[in-house]
Each structure stands twice: as structure tokens, then as C-alpha cells.
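2 protein chains.
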Amino acid sequence: MNIPTNHPRRASLEQRHALEKGLNQGIVTPTGMIAFGRGEAFDYLLGEKTTNNAQKACRAAAAMLLLSRHAVLSVNGNTAMLCAKNVIRLAQTTGAQIEANVFYPPVKKRRALIARHFEKLGKKILGKNTSKKIPGLASNRSLVEEKGIFSADTVLVMVEDGDRTQALRKTGKKIVAIDLNPKSRTAIAAHVTIVDNVVRAVPEIARHAQKLRNKNTEELEKIVAAFDNGKSLKEALAFMKKRA
Amino acid sequence: MNIPTNHPRRASLEQRHALEKGLNQGIVTPTGMIAFGRGEAFDYLLGEKTTNNAQKACRAAAAMLLLSRHAVLSVNGNTAMLCAKNVIRLAQTTGAQIEANVFYPPVKKRRALIARHFEKLGKKILGKNTSKKIPGLASNRSLVEEKGIFSADTVLVMVEDGDRTQALRKTGKKIVAIDLNPKSRTAIAAHVTIVDNVVRAVPEIARHAQKLRNKNTEELEKIVAAFDNGKSLKEALAFMKKRA
Chain A
103 MNIPTNHPRR ASLEQRHALE KGLNQGIVTP TGMIAFGRGE AFDYLLGEKT TNNAQKACRA
163 AAAMLLLSRH AVLSVNGNTA MLCAKNVIRL AQTTGAQIEA NVFYPPVKKR RALIARHFEK
223 LGKKILGKNT SKKIPGLASN RSLVEEKGIF SADTVLVMVE DGDRTQALRK TGKKIVAIDL
283 NPKSRTAIAA HVTIVDNVVR AVPEIARHAQ KLRNKNTEEL EKIVAAFDNG KSLKEALAFM
343 KKRA
Chain B
103 MNIPTNHPRR ASLEQRHALE KGLNQGIVTP TGMIAFGRGE AFDYLLGEKT TNNAQKACRA
163 AAAMLLLSRH AVLSVNGNTA MLCAKNVIRL AQTTGAQIEA NVFYPPVKKR RALIARHFEK
223 LGKKILGKNT SKKIPGLASN RSLVEEKGIF SADTVLVMVE DGDRTQALRK TGKKIVAIDL
283 NPKSRTAIAA HVTIVDNVVR AVPEIARHAQ KLRNKNTEEL EKIVAAFDNG KSLKEALAFM
343 KKRA
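Keeping their order, the protein sequence lines are chains A and B.
The first sequence maps to residues 103 to 346 in the working numbering.
The second sequence maps to residues 103 to 346 in the working numbering.
No wet-lab data here; the hints were simulated from the structure.
Hints are supplied without guarantee of correctness; some may be wrong.
As the list makes no split between identical chains, a pair holds if one copy fits it or if it spans any two.
[As the list claims (entries may be wrong)] Mimicking PhoX-like on lysine-lysine, the simulated pairs with C-alpha atoms at most 25 angstroms apart in a straight line are:
#, residue 1, residue 2
1, Lys333, Lys343
2, Lys151, Lys235
3, Lys249, Lys275
4, Lys151, Lys275
Since this is a predicted model, take the numbers as computed values, not measurements.
Based on the provided sequences and hints, a complete structural model is requested.
Structural data, given as C-alpha cells:
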């Protein structure tokens, strides 16, 4: 696709094009396309920019990932197509693992396709050997890797289903979420929610992680403790309402 | 698909399922899926109900359609899958024609598929013999039937592209629009905009048309004259902001 570099909707058209490609490859589902559209509506309300509110959440997220013993970045079909390279960079900066974890069937096939997508970019990820289940979730949607999400102390979820975020939180893990809807169940269930487009938020967390990686534990814990997710979500919603 | 009749998200899941079916049939495009998702976000803000504000707009729309010499209901892939039966009923109540008119390629093939979809429901529609263009629009996206949209005095558009709504308006036609985004270019360009889901709005216009069809021209003109689209859109937006 040839989008002129100065096209006012270039970023948005590139994202749509990436998802259409993923749909053709079987990585993205029709429901994933609809979810992306819902996100677009919220992104318009944000002015398609990372707000100060989202910046602060990205900083807290970076600190939380750096404090973890074992962080996992959970990727689904949409995020694989939209921001794989930046997810790899974030994993490198924070020492986190990446695991393919999808909601819509065929889950096994889609997890394998996502893993291959990352392998083509030079990164081996988890998600093919799922022997464990997230408790409290029905069916094969709950399947995770023992050495990945199952044993992680922190999980980053992006554009995630509310049921799964809530189930992950109940296992005692720390949850970082990226979600454009500040009223979604995922946004509410997470410890740190970044209300932003994944395309902008993932590199932004990596940037903060790069700046914070030499801080000591106490300094990082202060950053996390100072972050109030409920207050942050209220701010994000107020920002959208003001712009609407 | 078996959705329990008491499922709280039944209506929404049925709509998604209809679109997925349309995607498999080639009637709906990936971009149409995304557009539907954007609409869902706005529909959440409406509480997924037809507001009093939308009711009033439906009444004005019904009056405008009844006043027309030659009204055409323009259907695209999404609206064909979401509300074909109710579009047929609205055409019968108001004496309007139906024309398949799509934005995304392959336009000729998709117009034919939509026509066949309506034929299966017992209704012949226009859209296959497009010899005329809407002025001011590039490419085959502007193609319309001479005896349909081209010569219509009123066109109902649903989930329409802003460029096309503006181009149609410039031809001097009256435009009725159904659009969940009260700030979209289509919503602003139309004479009467119903901020509602097409699934609810189309039968609602038909209900009003049924009630108004025996009114005389003067009474119908009063209803249309009393409707202020700018004011109505402001009300719709205020309603959403209050609920957000």
C-alpha cells in the first residue's frame, strides 16, 4: 500500500492495513477488526496522541516491569500486527518474555502463527507449549505456558478481554494494561492502565524503561506507589469528555 | 450461532455474527468491520438504546421521506447484513427505492452481492446498472443508477463516508443520515441525522412513517421545518458526554 508520507490519516491507515494483512494471514480475527474500530473511536477522543496522563502511566508501567522477577508481555493477533517490533524492543529493555495468548479460535493455530510472525522478526516467543490454565476461565482460552504467563509475577496485557484480565489479576500477578477505553473491565482490573493506542504506548514504555533501568529498587517502588490507577482512569475519561 | 435469548449482549453478538457472515460472503469489507467497531463505542455511550433525541430525528426523517417525490435508501455492505428486512419495510411504508452503493472495492461485485442478498429476501433493488456519477467524487466510488440515487430528491445514507455525503448534499438533494458519531462529517452534512444504531433506527423511522403517512403536506412540512439538525447533534453529544 502506498500512503503518501504527508497524508493526514497516514498512521491510522497504516494500522488498518496491518490488521487487514493479519486478517488475510489468519492472525487477526473479524472480531479483532471490530475491537480495533472501537479503539479508534476512543483514540479520536484522545486526539490520537499520547496524553500527559498516559505518559505518567507508561512511567509507572516501566517501573513495575523493571521491578518484576519474571514479567511477560502477552500478545494477541492485533498487537502482533500493530506493534511486534516495539514489543520485542520493550522485552529487551525490561528483560521480559513475550507470550502469544489469544482469545478467539482457532487458538492453537493462531498462537503458532503469531510465534512465527515474531520469529520472522528474529525473536522466539512463548505460547506454543501451553500446559497450564489460568484458574477461573473456561475452555482453551485459559491455556498458558508453565514457564511463561503461568509463573509470571507481572503480565502486560494489551487490548485484552475483561474476563481474562480479571482472572489473571485473581492469581495474584501484577497487571499492566494498555486499553483505549478507560471504562473497560480490563482498564479497571489492572494495577497500571495506560489509556493509549498500543502503537504509541509500547515504545513509550520502552523509552521510560530505558531511562529508569539504572534506578534502584527503592526509587522504582516509589514511582509505582505514587501511581493511583483509579485516579488516572478518571483523568483519562475527563480528558476525553472535554475533547468530545 | 446459538446465543441464549437472555444473554445480556445478545443484540450486539447477533450484529457481530451478521457482519462476520457478510465478511465471509464478500459483502462486508475488513474496513467495514472496523467502522462497525467505531460505531459500537458510540453505541455504548448511548446505552445501546434509541434516545428521545433519536426518536425526534426519526420522526423528522419519516416526514422528509414521505414528502419526497423520489426517495432512495442507499445500502452498503454493513447495512445489508445488519438491517435488510427493515430497510425493505421502510421502502414499502414510504414508497422509497433501495440502491446498493458501496465505497470499498470490488464495488461492482459487492453491489451485485448486496442486490442478490435483497433478492433472496424477495426485493429487487437498484445498484447494478450504474451509468451516472455523483459530481465531485473520484473513481468508481461515485457510480450510481440514473433512475435511482442520481435522480432522487432525497437519499437516506447509513454509516456513510463523509466525502460522499458531502458530495450528495452538494447536488441539491435532501439527505437523511443514520450515524452513531454525532461529530462525523456525514452527521454534520445531512439535513436530518439520526444518532442511533441502524438496527434500531430503521424500524423506528418506519414506525413513524406508518403513523404519519396520512398527514397532509403542510403537516409534514411543519415537522421537517421544526427540526434543527445542528441543535439535535449537540443534544446527542451532550447525552453521550453525560453518560461517559
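Tested hints:
| no. | hint | verdict |
| --- | --- | --- |
| 1 | Lys333 to Lys343 | both (15 angstroms within a copy, 19 angstroms between copies) |
| 2 | Lys151 to Lys235 | neither (37 angstroms within a copy, 38 angstroms between copies) |
| 3 | Lys249 to Lys275 | within (14 angstroms within a copy, 64 angstroms between copies) |
| 4 | Lys151 to Lys275 | neither (29 angstroms within a copy, 38 angstroms between copies) |
Violated hints, listed in ascending order, are 2, 4; each of the other numbered hints is respected by the structure.
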